[in-house]
Amino acid sequence: MATTAVVGHGHPPTTTGLDHRKIAIWAFIGSECMLFTSLISTYLIYKGRSVNGPFPHEVCNPPQCPTVMQPILNIPVTSVSTFVLLMSSLAMVLALAAVENKDKPGWAGTGWWGRTLASSRVWLMATAILGATFLGFQAYEFTSFVHEGLTIRKNLFGSSFFTLTGFHGAHVTVGVLWLLTLFAIDVRRGLGPKDALLVDISALYWHFVDVVWIAIFTLVYLIR
Amino acid sequence: MATAAAAPSLPHAGYTEPTGIWSWLTTVDHKRIGALYLWTSLTWFCVGGLEAVMIRAQLQGPNGRLVSAETYNQLFTMHGTTMVFLVIMPLSAAFFNLLIPLQIGARDVAFPRLNAFSYWVYLFGSLFMNASWLIRQAPDGGWFGYTPLTTLPFSQNLNIDFWMLGLQILGVSSLAAGFNFITTIINMRAPGMHFMRMPIFTWMAFIVQFLLVLAFPVITIALVFLQFDRFFGTTFYLTTAGGDPLLWQHLFWIFGHPEVYILILPAFGLVSEVLPTFSRKPLFGYPVMVYSGMLIAFLGFGVWAHHMFAVGMGPIADTLFAVTTMLIGIPTGVKIFNWIFTMWGGDLRFTVAMKFAIALVGLFTIGGISGVMHASPPADLQQTDTYFIVAHFHYVLFGGSMMGLFAGVYYYFPKLTGRLLSEKIGNWHFWLAFVGMNLTFMPMHWSGLVGMPRRTWVYDSGQGLEPFNLMSSIGAYIQAVSVIIFAYNVWVSRRRGGIAGNDPWGAPTLEWSIPSPPPDYNFAVVPTVTSRYPLWDRKSPELTREVPHTREGERAINVDIAGKHVGHVDHAIGNPPGGAVSSERIRTAKELGIPMPNPTIKPLFVALWMTLMFASLILIHKGKQPMAIAGIITFALAMTLTLYSWLLTPLEDEH
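Top line first, the protein sequences correspond to chains G and U.
According to our numbering, the first sequence is numbered sequentially starting from 1.
According to our numbering, the second sequence is numbered sequentially starting from 1.
Among these hints, one or two may not hold up.
A short, non-exhaustive set of chain G residues, derived as facing chain U with CB atoms under 8 Å [unchecked claim]:
id, residue
1, P12
2, T16
3, A27
4, G114
5, T116
6, T163
Result set (DSSO-like, lysine-lysine): computed pairs, CA atoms no more than 30 Å apart in a straight line [stated by the list, open to error]:
id, chain 1, residue 1, chain 2, residue 2
7, G, K22, U, K590
8, U, K281, U, K424
9, G, K102, G, K22
10, G, K104, G, K194
11, U, K602, G, K22
12, G, K22, G, K104
13, G, K47, G, K194
14, U, K590, U, K602
15, U, K602, G, K194
16, G, K194, U, K590
17, G, K47, G, K104
To be clear, the hints were calculated from the coordinates, so they are not data collected in a lab.
Glycine included, every Cβ here is placed at the ideal spot set by N, Cα and C.
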C-alpha cells in the first residue's frame with residue numbers, strides 16, 4: 001500500500017475539494033426544507049377549516065364573526081415586502097461578488113458606480129437593511145392583523161399563519177444578524193477573496209430563506 | 001498451539017490519554033466524545049431497564065398493586081422515551097463518533113466543537129427530561145404523545161411539558177450531529193476511500209444521518225405546535241376549534257417511522273462489520289447491502305401511516321401503506337440473507353461479539369416477520385394496541401438494535417479502551433440476555449393474540465393471561481441479571497482486561513491499523529486505501545503484517561491475542577501480554593507536526609444555556625410568566641454571546 005506523504009504541517013485536503021462548511025450548509029438547508037414543508041403543509045391542510053373568522057381570502061359573515069369582517073390578507077402591501085426581500089437577494093449576490101473580486105482593483109468599472117459595485121460593505125449593509133425592512137413590513141402586518149381581530153389564538157388560520165410566517169421571520173432575523181456580523185468583520189479587518197466562503201455560506205442561507213418566502217407568498221397569499 | 005506468534009501487530013502500548021475532569025468537559029476529540037456518549041447511554045440503559053423491571057413486576061400477577069395507574073403511565077412512557085432517545089440513538093452515536101473518522105481514515109470529524117456540543121445537549125436534555133421524576137410528574141402520554149390527550153385540557157400538569165421540551169432539546173443534538181457526520185463522510189475520506197470502498201458501518205451511519213436531518217424537522221414542528229398550544233393558547237390540536245385529531249399522528253409518524261430505521265441501521269452496520277471478521281470472509285454482496293440500506297431509508301419515508309390503520313383512513317390509504325410496508329421487507333430480507341451467506345463456508349469464531357451478531361440475525365427476523373404480519377390492515381386491526389405489537393417491536397429493537405449494539409460494544413471496546421472485555425463473563429451476559437429476552441417477549445405474542453391490551457396497569461385473573469405474564473416477568477428479571485453481569489464485565493475489564501493491541505480480532509478495516517486506544521490524531525500518516533478491506537489486502541503488505549487472510553494462514557500462524565488464542569480469549573483477564581508490546585512510545589501530534597483542535601468549554605456552555613432557555617418555558621405553567629420571560633431572554637442572550645465567542649475563536653492555533 002502506497003502511503004502518501006500527508007504527514008506534518010496542515011490538514012490533508014478535503015475529499016471533494018470543497019470546504020466543510022459549504023457541505024454542512026447544504027445539509028442544513030435540506031433539513032430546513034423539511035421544517036418549512038411541515039409548516040406549509042399544516043397551513044394548507046387547515047385552510048378553510050377555521051370555525052370562526054377572520055379568514056384570509058373570504059368575507060366572514062355572522063354567526064362565524066360578530067360582525068361582517070373583510071378578508072384579512074393585504075396582498076398589495078405584502079407584494080411590496082416580497083419585492084424588498086427579492087432585491088435583498090440581488091444585493092447579496094453583489095456582496096459576494098465584491099468580496100470575491102476584492103484583489104482585482106477596478107473590476108467593476110471606474111467612477112462612483114464602479115467603486116460602489118466593488119464595495120462589499122455597501123452590499124452587505126444593503127442586504128441587511130432590505131432584510132430588516134422586510135421584517136418591518138412583517139411587524140406592521142402582524143400588528144394590523146391583531147388590531148383587526150386575528151391573533152395566534154383566534155382560529156386555525158391565525159395559529160397556522162402566524163406560526164408559519166413567524167418561523168420565516170425568525171429565519172430572516174437570524175440572517176440579518178449574520179449579515180451585520182459579516183459587515184462588522186468587514187469594517188474591522190476587511191473581507192477578501194480568502195474570506196469568500198464566509199459570505200458564500202451566508203448567501204446560500206439568505207437565498208434559501210428568500211426562496212421559502214416565494215413559496216409562502218404564492219401558497220398563502222396569492223392562491224385562494 | 002505451539003509458540004504464540006506475536007499477536008497481529010502489537011507495536012505500541014497504546015496511547016496515554018489526558019486525564020482529569022476538566023479534560024473531559026473541554027474535549028473535542030471524537031473518540032472521547034464517543035466514550036462520553038457510550039457511558040451516558042449505558043447509564044440511561046440501566047435506568048430504562050429499571051423502569052421495565054418495575055412494569056413487569058406490576059404485571060407479574062393479576063391485579064398488581066406495586067404501582068398506581070398514574071405511576072404506571074409514567075413508567076411505560078419514560079421506558080419507551082428513554083430507550084429510544086436516550087439509549088439506542090446515543091449508543092449508536094457513540095459508535096458514529098468513535099468509528100466514522102477511524103474507518104474513513106480521518107483525524108477527527110469535520111466540526112469537532114459542534115460534536116462536543118451535540119453530546120452536551122444530549123446530556124443536559126436527558127437530565128432535564130428525567131428531572132421530572134423528582135417532582136413526580138414524569139411524562140405520561142406514551143412515547144408517541146398522541147394529541148388531544150397531551151393537550152392542555154387533558155394533561156394539565158407538567159408531565160407533558162417535560163416530555164415535549166426534552167424531545168425538542170434532544171432533537172437539536174441529533175440534527176447538529178447529523179450535519180457534522182454528513183460533512184465528515186463526504187469530505188474527509190482518505191485518498192482512495194471511494195464511496196464503494198467505505199466500511200459498511202460508515203455507510204449505514206451515512207444513511208442514518210440523512211434520515212436524521214430529514215425526519216427530525218418534522219417532529220420539531222409537531223412539537224412546536226404542541227408547545228404553542230400548551231403555552232400560548234394556539235388551536236392546532238384543539239378539536240373544538242376544528243383542529244384535526246390526526247394532524248399530530250401524521251406528523252409524528254412521518255418522523256416516527258424513519259426513526260425506526262434510525263434505530264436499526266447502525267446496529268445493522270455493526271453486525272455487518274462483526275460477521276465478516278469472525279467468518280474470515282468479506283461481507284457477502286457488499287454493494288447490495290449498501291443499496292438495500294438506501295432503499296430501506298427511502299421507503300421508510302413512505303410507510304408512516306401503517307401505525308394508523310385503526311383510525312380509519314379509508315381503503316385506498318390503507319392499501320397503499322400496506323403495500324409500501326410489505327415492500328420494505330424485501331431490502332431487509334436481502335440483508336438477512338447476505339449475513340447468512342457471509343457466514344456460509346466461513347471459518348466461524350464464536351466470540352461474544354459474534355454471538356450477539358448472530359442473535360440479531362435470528363431475532364430481528366422474528367420481529368421482521370411479525371412486522372410484515374401487521375402490515376396487513378385486517379390483521380393489524382386485531383393486533384394493534386395489544387401485546388402482540390409490544391412483542392414485535394421488542395424483537396426488532398431489543399433483539400435487533402440492542403443485540404447489534406452489544407455486538408459492537410464487545411467488538412470495539414478494545415479499540416476504545418485498549419483492553420478486551422472478558423469473553424467468559426461476556427458469555428454469561430450473552431446467554432442470559434438471549435434467554436431472558438426470548439422468555440420476556442415471546443409469550444407476549446400469545447398474551448397479545450388472546451387480547452391483552454397495551455398500556456393497562458392491571459389485568460383481571462381468569463382470562464388465561466397469568467402464565468404468559470409470569471413468563472414475561474421472569475424473563476425481564478433474567479435480563480436485569482444479564483445487565484448487572486455486563487456492568488461487572490465492563491468494570492473489571494476496564495482495569496484488568498487483556499491488552500488488545502492494534503487488531504485483536506484480525507479485522508480488515510482501517511480502524512484496526514492504529515494503536516488501541518488510538519492517539520488523538522488517529523493516523524500518523526493518512527493512509528491511501530486500495531480496497532474495501534485494506535488490512536486483508538495483499539496489495540498492502542505493510543499494513544497486514546502478520547494478520548492472516550485465509551483459513552490456512554490463520555492455522556499456520558496460530559494467531560494469538562494477548563498471549564491467548566483468538567478463539568479462546570476467555571482467560572485474558574488479568575494476564576499481561578507476553579512481551580508482545582514494544583516499549584516504543586507513541587509520538588505526540590506536536591512531534592509529528594499535526595495540527596490539533598484546542599480543547600474548549602464553550603460548546604458545553606452553549607448547550608447548557610440552550611437547555612435552560614427551553615426549561616424556562618416550564619415556569620409559564622407554574623403561573624410565573626414574568627420569570628419565564630426573564631429566564632428565556634437571559635439564557636437566550638447568554639447562549640448567543642457564548643456562541644459568538646465560540647465562532648470567533650479559531651479551532652486550532654496558528655501554525
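Against the structure, the hints come out as follows:
1. P12: OK, holds: G:P12 within 8 Å of chain U, min 5 Å.
2. T16: Since the shortest Cβ distance to chain U is 6 Å, the answer is holds.
3. A27: The hint holds - G:A27 has a Cβ within 8 Å of chain U, the shortest such distance being about 5 Å.
4. G114: Status violated, d = 32 Å.
5. T116: Hint violated; G:T116 Cβ to chain U Cβ min 29 Å, cut 8 Å.
6. T163: holds (6 Å)
7. G:K22 to U:K590: It holds: about 29 Å lies between the C-alpha atoms, which stays within 30 Å.
8. U:K281 to U:K424: holds (25 Å)
9. G:K102 to G:K22: holds (21 Å)
10. G:K104 to G:K194: holds (13 Å)
11. U:K602 to G:K22: holds (23 Å)
12. G:K22 to G:K104: Holds - the C-alpha atoms of G:K104 and G:K22 are around 24 Å apart, at most 30 Å.
13. G:K47 to G:K194: With Cα atoms ~48 Å apart, G:K47 and G:K194 exceed 30 Å; violated.
14. U:K590 to U:K602: holds (24 Å)
15. U:K602 to G:K194: holds (26 Å)
16. G:K194 to U:K590: holds (27 Å)
17. G:K47 to G:K104: violated (53 Å)
When each numbered hint is compared with the structure, violations occur for hints 4, 5, 13, 17.
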